[in-house]
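S.K.: Spelled out from the first residue to the last, the chains are:
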Amino acid sequence: MPRQLADLTPTNPNRRQGLLAVFHVDLPLLVGVLLLCGFGLVVLYSASGQDLGQVQRQATRLMLALCVMLAVAQLNPTSLRRWSPWIYLVGVVMLIAVLVFGQVGKGAQRWLDLGVLRFQPSELVKLAVPLMIAWYLAEKRLPPSLQRLAVAAALTAVPVLLIAKQPDLGTSLLVASAGIFVLFLAGISWRLIAFLGVTAAAAAPVVWYLMRDYQRQRVLTFLDPEKDPLGAGYHIIQSKIAIGSGGLYGKGWLNGTQSQLDFLPERHTDFIFAVLSEEFGLIGVMTLLALYLFIIARGLYIATRAQDTFTRLLAGSLTLVFFVYLFVNTGMVSGLLPVVGVPLPLVSYGGTSLVTLMAAFGILMSIHTHRRLLPT
Amino acid sequence: MQLKDTIGESQAFLNRAIVAGILVLAAVLVVLYRMVQLQVVDHEHFTTLSRENRVKVVPLPPTRGLIYDSQGVLLAQNRPAYSLEITPEQVDDLDATLAELANIITIDADDIERFWHLKKRKRRFDSVPIRVNLSPDETAQFAVHRHRFPGVDIKAQLLRHYPHDVKTTHVLGYVGRISQRDIEQIDGSNYAGTSHIGKNGVEKTYESALHGAVGLEQIEVNAAGRRVRTLSQTAPEPGVDVHLHLDIRLQEITMQAFEGYNGAAVAINPKNGGILAFVSQPGYDPNLFVEGISTRDYKTLQEDDKRPLYNRALRGQYPPGSTVKPFMGLAGLEQDVVQYDSTVYCPGFFQLPGNSHRYRDWKKVGHGTMDLRDSIVQSCDVFFYKLAYELGIDRLHDYLQEFGFGGRTGIDLTGETTGLLPSREWKRRSRRQPWYPGETLIMGIGQGYFLTTPLQLAAATAAIANNGTFYTPRVVEYLRTRGTGEITPIPKNSRSIPIASPQNWQDVRDGMADVVEGRRGTATKIRSEQYRIAGKTGTAQVFTIAQDAEYDEETIAEKLRDHALFVAYAPIEDPQIAVAVVVENGGSGGAVAAPIARIIMDGYLLRSDAKENTVDES
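The listed protein sequences correspond, in order, to chains A and B. Read in order, the letters of the first sequence are residues 1 to 376 in the working numbering. Read in order, the letters of the second sequence are residues 1 to 618 in the working numbering.
These aren't lab readings, by the way, just hints derived from the structure by calculation. Think of the CB as a built atom: it goes at the ideal place given N, C-alpha and C, for glycine as much as any other residue. A hint or two may mislead.
[Claimed, not checked] Restricting the straight-line Cα-Cα distance to at most 30 Å, the calculated cross-link-like pairs of lysine-lysine (BS3-like) are:
| no. | chain 1 | residue 1 | chain 2 | residue 2 |
| --- | --- | --- | --- | --- |
| 1 | B | 204 | B | 299 |
| 2 | A | 165 | B | 119 |
| 3 | A | 165 | B | 155 |
| 4 | A | 227 | B | 155 |
| 5 | B | 119 | B | 56 |
| 6 | B | 204 | A | 227 |
| 7 | A | 227 | B | 120 |
| 8 | A | 227 | B | 363 |
| 9 | B | 199 | B | 299 |
| 10 | B | 155 | B | 56 |
| 11 | B | 492 | B | 271 |
| 12 | B | 364 | B | 525 |
| 13 | B | 119 | A | 227 |
| 14 | B | 120 | B | 204 |
| 15 | B | 199 | B | 492 |
| 16 | B | 155 | B | 119 |
| 17 | B | 204 | B | 306 |
| 18 | B | 525 | B | 363 |
| 19 | B | 199 | B | 306 |
[As the list claims (entries may be wrong)] Across the chosen pairs, the derived CB separations fall in these ranges:
| no. | chain 1 | residue 1 | chain 2 | residue 2 | range |
| --- | --- | --- | --- | --- | --- |
| 20 | A | 35 | B | 11 | 32 to 40 Å |
| 21 | A | 216 | B | 40 | 44 to 52 Å |
| 22 | B | 298 | A | 59 | 44 to 52 Å |
| 23 | A | 203 | B | 486 | 41 to 49 Å |
| 24 | A | 224 | B | 25 | 41 to 49 Å |
| 25 | A | 212 | B | 220 | 33 to 41 Å |
| 26 | B | 99 | A | 35 | 43 to 51 Å |
| 27 | B | 25 | A | 307 | 22 to 30 Å |
| 28 | A | 150 | B | 7 | 22 to 30 Å |
| 29 | B | 143 | A | 351 | 43 to 51 Å |
| 30 | A | 35 | B | 44 | 28 to 36 Å |
| 31 | B | 234 | A | 265 | 18 to 26 Å |
[What the hints assert, rightly or not] To give an idea of the interface, some chain B residues facing chain A are shown, with a C-beta separation under 7 Å as derived from the structure:
| no. | residue |
| --- | --- |
| 32 | 9 |
| 33 | 12 |
| 34 | 20 |
| 35 | 22 |
| 36 | 24 |
| 37 | 26 |
| 38 | 31 |
| 39 | 34 |
| 40 | 39 |
Taking the hints into account, I'd like the entire structure generated from these sequences.
M.R.: What follows is the structure, encoded as structure tokens:
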């Protein structure tokens, strides 16, 4: 068939052959991400105590991360697929290396010092796990057999446990959800999902019974930090005051008393959402959530339009993990969820998770822009 | 077919993606609902909190429980002390501030080192001490210049103080600043306002009782962080007071008796295991550690030849020497290896059948014909060589174990050592060698591998005195809650040593009585008019003399001189105190250790008499 030749060309010839297409950029996604980052920098300026240096540093990181995104978008999903098992293997080996030789920072072992640069292997694993699980499940027909499900679960559990041991609860949660989303999207039966849910619910009291008193106390504090007003609870109390006092319209940019007077700890990193809520009010929160929803919607659309199982699963999982970041962070800052160290994606100050997130968007763009024409 | 499946899969994926999308929307709505709740519904409430602001939660540390001796004398108290503290967040240039402070108040290198060390563990808005225990002069000096130092303040706190300093160190231990290692073992919230924690001794064992529970205060502060008013308060629960069995006067008498010697003495009440005196000589001043000991002072203590940091009473391991003979004799009687009246001829040495090696008696010319009682009284070695040989290592080991040798007594102090009660199994495990009969012989006179702690010796002696009840030694008698006065006794713990015949025990006790009260005893010098003492002397070799050489005290360096030991209890008719005394390199047990034991027993038993006398006089 003569049309098959056309199918093999990297881009859809019917589309505008603009600069964006040549560089494999998905315009809606790019716009969403840029808007979000811009909003983030504005909030950061206030959250940092109007420290322009900090904003510049973050902007530099954003540029760097955007370059990474562009670079990843150029990769063909087929090569990505071929490399998946190797990326996964490297990631796991490095996680083990971190536990053995790693550097201790803030009480946890997360960094690997490679001489020139310090590297956090758990970030690589955030991508490696969805790649690996999607690769593995896409090998055979879906929905996967029970046996293959078990293997996929084990492939997820290994890095999750290694990261939890560092200990980095937030990241291990994100990695775990990445694996679980692939399984969910691969179509594991509702009956199995229900069964696992019931089993977990039934196991909880047994585990509770086996725990010692002080362990139970820690779990309780974890679940309800306000019981510990001198430790974890302090953050939450202050953060709730910041959010609540913001009201509908907010106190105005740079005018948040909670944020500006230092009552809010970690205000430019994990708790930046509270600064935004205080200064921009519910309106600002809804704007932010709308931006996130737009990006997530675009990601899911890209996933449904993808042309093979691997890219579908991958795109879907990456998008949903992005959502988990958002949900866990906002839930934690507003006191809905326990305190787990997860940043507000693309907004919190810091460069490590930024690069990973942008690389994930790069993958989404690559998937969307390397499609072949198929007769539908 | 392939295509159909692909389409099927694509359709299935679409379904799942839609479900996921719905879940995402639902979750975002939950977050939004929460935000509406906080920002619209409860907006007023949070605005009030935020405007009046600025609620700060401050921990209120509990006051630490006090420690008293058995007579109600205060051994550990809390004294107000002033320290200079810096809040790093409020200081622009820490180095410059430190340098300027040094012009006003003495700040040495140790202070600065400690400051940086502590700063690492605190949050930016917590204050960090730079100098502790300011003198009134220094406090005034700083007050004058205070306006020049924003972020630097004088803080008053209660600091632990041990008025009897060196006399109580090895029992009470001390408190020190909470270290990284401590943090891992405690409930962080409960210690939020606490700076010190028990590091060893009673302070450590009873830490949770002494510490109490933290209180909370919600205060309003202004933007500069200064307190405006208190919103609510949960009072801290002060620590519980601890009352000891120990008598500080007896402790003092005991230390004086040791003048010029190193060693240890432990006195136990045989009726309940209560520790009456617990001395490790020399001691050191625990107050140094409360304020944070300087590197220089610590080095001095550590490099001191007399090893003051070493708790000899609890951790010192000495060969028991002849003090073990009553236990050996009891082992022989109870297992029917000897009879009370069976005799052995002592020519001054003992030989194993078919072996020319002579195991020598301390008395070169020999004791002549000896029965068990004579052998305890005159401390005949040959009798016990033979007894040990006939008992064999296994029975010896098992019986001595009953008296707590080779194991921890379970005293309420941390860091106790086990000593060493050798056995066949132990030797195979640790030396990969079989047990030799000769080793059983020298164990019979408390030498060889056999090691005991002074605490073990005292506890075992108490068990002989009270007819086979082995009490777990206890330093603390009871806890007393301040305010309510509620008393919680520390439970007594005891086990019974099996008794084959009560007469055997009486016979051994009669032998011990004659050591002091008899005509030919080795400790007749310490006989008392007021009460009767039973005991046993011991002299433990620190180094081995060649087969044909003679021990000459004059020519031997002091460090290698024998340890002098004495165990005793009194009064014989109704034992109220059991003691073990070890004098390092003291020479003869009868001459050096026994008089110390006599002073301790006098101090305890004649105290009530003395009191009655004064009453009579007045």
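S.K.: Of all the hints given earlier, name the ones this structure violates by number, lowest first.
M.R.: 3, 8, 21, 24, 35, 37
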